[in-house]
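Undergrad: Letter by letter, the chains look like this.
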Amino acid sequence: MGTQTFFSLNGERSLNPIISVRGLWKSFPGVVALRDVSLDVLPGEIHAILGENGAGKSTLLKILYGIYVPDKGDLFFGGRKVVVTSPQDAVRNGLVLVSQVPQLIDSLTIAENLSLSLSQFGYVSSVRKVSRFLLERGREYGVKIDPDVEVWKLSYTQKQLVEILRALLLNARVIAFDEATTLLPHAEKEKLYDFMKLFKSKGGAVLLVTHKIPEAMEVSDRITVLRRGEVVGTVRTSETTLDQVRYMMFGERLAQLNSGKYERLGEGGSEVLIVRDLWVKSDYGVYAVKGVSFSVRRGEILGIAGVAGNGQLELIQALAGLRKSERGSIRLRVNGNEIDVTNKGSTIIRRLGMGYIPDEPVKKGVSLDNSIEENIAVHPRLVRFLISWRKVKSLASDLVKEFSIVTPSTNTKAKVLSGGNLMKVLVARELTVSKIALVAYNPTRGLDEVSARYVRRLIVSKAVNEGMCAVIASEDLDEIMELSDVIAVMNSGSIVGVFKSGVSREEVERVMVS
Amino acid sequence: MRLIVVKRVRTSNLYYVGIPALSILAGLALSTLIFASIGVPPDLFISEILAGFQSPQTLRYFALLLILGVALTMSFRASIWNIGAEGQMIWGMIAGGYIALFVAAQSMYVSPSELSNYANMPGVEIIDASPVKPVISILLMDPSLGKLLMVLFGMLAGGLWALIPAVLKAYLDIDEVASTLILNYVAYQLFNHLVSYNLRGLSVQARQFFRTDRMNSALLFNLIPGTSVTVQEVLMAIIFFVSIILMYRYTAVGLRLKIIGSNPQLLRSVGVDERRYVLLAMFLSGMLAGAAGVSILANPGIGKLEKIANVVSPPTMNLGYTAILVSWLSMLDLRFIPIYAYIVASLFQGSSLLQSEINLLFPELSLTGAALTYIPIGSILVVYVILRIFTEYSVRIMR
Amino acid sequence: MMIGEAFNVIISMSSIFVFLYLASLGNSLVEKSGILNLAIDGAYTLGVALVFTLLVFVNDPTLTLLITSLLIGLLGVLIAFLTTKLPISHGAIGLSIQFVGYGLASFLAYPVSLKVRAERINLNTYPTIPEVVLTFLILSVLIGVSAYLLIYRTKLGAAIRAVGENPAGASALGINVLKIRIIATFLGYVLIGSASSLFLLLYTKNWQEGLGMGYGWISFAISLSSGRHPLVGIVTSVIFATLIRYAYVLQDILIGYGISISTFIVIALPFIAAVFIPLVVTAIPQLRRRFAPPKHLGKIFFSEERSV
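Chains as they are written, first to last, in our numbering: chain D, 1 to 514; chain U, 1001 to 1399; chain B, 2001 to 2308.
Rather than coming from a laboratory, the hints here were simulated on the basis of the structure. Take the hints with a grain of salt, since some may be wrong.
Said to hold, decoys possible - Okay, the calculated bits of chain B under chain U, using three or more residues with CB under 8 Å as the criterion:
#	stretch
1	2082–2093
2	2099–2106
3	2260–2272
Every residue gets a Cβ at the ideal spot worked out from N, C-alpha and C, and that includes glycine.
Go ahead and model the full structure; you've got the sequences and the hints to work with.
TA: Written out as structure tokens, the structure reads:
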């Protein structure tokens, strides 16, 4: 079966679209992100843009929002052709974006942040005036905020709330959510859906960009599916099924995705990584990890679940030796010896055979200006004082083959590769050097579905076959549920629940938000 | 109509050669205009600059700029802006001078009557034949060993001076441009202090002015006949150039020094203490600059240390800043440094030829050396920095 | 008696304080908008040369002060434009402009200085009388307080800080990053221009080649050590002004203890302090956090970035 087009709105022109996109093309070095994309957003609808990671959803939104400039194609707002070269243009056209990462300035207060968006206040006006204004309008909308609080002190949900308030204050006609619901706990997500429905009932429209099919099915009126930068089709949610949408998203590759549960090592095995009463501070000087203790056995995968910002990142960084532990201990058992590695630095930990997949892999895990070979040779365990490039080259080609990394050669500079392939280089390198343990944060973020599954399978196989233990923190609860033998939920810096694999998703979520 | 700057889909290699060339031409054109505005005839400007390319003096600047170019490129590749080469050279001169004047040889007073005895004694040289308090210099060791010690200590001193801002950067994240630059000024004054007091010479000239004695000429470097460059300078340039290239290509340390420039956090996350590499990069950089300082001192045309009267014209001839141009034009690629070292050396020599011509032909135009070096260098740099973006970005017009 | 002595001390330090503080204030303003201001010394040296050159032809100190400040302010606008509109390294363009500034300074002022010496021209600088000095002192402090209010109490200030911390976020919030940076650098460089003018008009009163070189960096160090805060900068500038003014007194005191430092060390003292004081401030964790630079300082702001 080829790509069928699923257009259920042929010829219908009941309402004029608020936003129209025709024939958009966008390329980046090495990849075509959008191919001839066209769609409409109608007033009074929740329109979901569905696609797996790398399909082009984010690029499309960024073009609508003026952050990227399309190579070809036209944008129409309210029937008029427009050129959007900055977020201000987009806002002026009535589109406000709420992204997954709150676009607020952490060190400024809510009032200072929002004052920047409210053009009714001149540059010389005092922030105090804005503060008072926000209190009033907030009360009108039923939103409780303290405008003079610095944004870095807010929780993730609160930041999202500020973003939504901002959209309302800017008289948005279309609010776009760029994967903004992925990290919200269930209860908050429902509240957000209620808000969306209220907004559309007033004539506004919602653009919901997501990669989760159930979410799109639950709340949207229409779904546009993107695959590899192309529009596969636009359907009415009420007229389609989950499987049909799934087929639109993945096409023939569906077969590769049915993996189900992974095999396990079973009980037993000695403890390898022992953490006792760990206290770690965040960048802002407050404790992010408060007295965490756990141990991981040989071949065991511990998944750290939780809403982002509850200390998981700081915990992972401390385990990798990259963040100072104020109190407590981290110990590794290697060859029968228990070694205390607390605050000894990352060099020792790496030498003992721990692999590490950092958050922000492009920023911290690879060097864009260097070649794949060099990105592998940078790891001290893979080279000696004098580098034998012959050995590095052969290792690199093996890894490229094994991980299906799309690249012209092993000598290509990393910046040419797409985000997903870069991630694969990083994961390939780290899995190669992980002997006794792997510590990771969002190990498959940004990867397309097939690669993500491959990586997860590999982690499990290393655990099962080589006895590598793993601590994986992920903002994607589905991933945690799939991978882990044991799930620990972190909330506000402490572990508030420990579950064995097989627990229901609802139970885990309940503990995440309590 | 708007101008949009967009990242290129494919980076073009043509620009890697064209951009530096264009920058030089545009920068020179700009300077010609600036100088023409006060009456310097453009054809004189251009002819003197071109004469610089053929002048035998240029070889000397070429060797020095090659060494300095490599020195700066090493630190720039590690994303550390070593603007303190001037100070590191100064310390090289001080350390080299100390060895030359007090360790490898020594000056002392003799009585006037004995002076003639020393005229032909091997290893002894008459520094000051004054009738009142003559001064001789006695070699205390084999001159080759002495020269080697001068270079080694000069390199050490330069490296250590560079470590100060390196530590500030690595452990406290203090901007290294400010600290290296400010330390240049400190170095100049410390130099003056040491020259005027601790290293002050015994001869009449040294007593009268603030300077050291002349070095024992056995310790001077050897000129290549017909030029003003010495054998040792050329040798050092070649040795440093080759060994640094080999280091980058074949050692793990070299690879890490390369990577720390694009992503220090990567080093940290694979378990390499990137702060140590910051220190290493600066130390190596300072060492080479120190070596350059020793070459300046040991050139037969100099052979002594004199108080710096105005920081605008130090004994290092501001080569520490000129070398930035060499390094940047080479796009931080070591293989191109010899080319641009030669070009910049020619420009440098050209501007000093220009200055003497102007003083001769147009005495009413008062142009200082500083203006004649900084304006061309600065113009080329500004044009280069702007044109550089075209290697990775293109400008599009959107209607 | 005590008041009289204190008064004299203040007067003698005021001119030094003024040119240090105003330049550091200008630097703080520029850097708060995220632009790494490495061209400061070049602008400073050029400003000194400019005011000197203008003074010979326009015989009014206040007028030359205003014109120079304005011209240097325009230089700032150029820098803001280049660093924001084009993906240029701040450090690279800053350094390049610094060298051009040095060259232009000698180029412009040297011939004029010869003329001044030949014709024995008397320069109409500000008389160093208490009334004049105090006026500038009070003006500087007032400007500093206004800067503080602007940065921390108004929307414009919030915009400037936002641009320095997170230009992408500021842009998403609706700020025209270029416009804000132009405002901040214009104001900042006007201050730097006025500081360099006063350096000559109020302090050195004459010109020689290279005058001003290094003082831009000292102001940079002051700005750095005070966390780019307008009010803290007053304290730091006082410290440096004391050091410069009383260096020779310090020399005498030390001789009393048997330590003799030469004139050269005295000259080097403010530069040594310019390295040492930021070191001390950064080494103390609480100060380091409070005085931390804007997160996006010196980073290239360019929207077309890859996403993973």
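Undergrad: Hint by hint, say whether it matches the structure.
TA: Now the hints, each set against the structure:
Only when three residues or more bring their CB closer than 8 Å to a CB of chain U does the claim for the stretch 2082–2093 of chain B stand; here the count is 9, and the claim holds. Using a Cβ-Cβ cut-off of 8 Å, 7 residues of the stretch 2099–2106 of chain B lie near chain U, which meets the minimum of three, so the contact claim holds. Proximity of the stretch 2260–2272 of chain B to chain U, defined as three or more residues with a beta carbon under 8 Å from a beta carbon of that chain, is established by the 7 residues found.
In the structure shown, no violation is registered for any of the earlier numbered hints.
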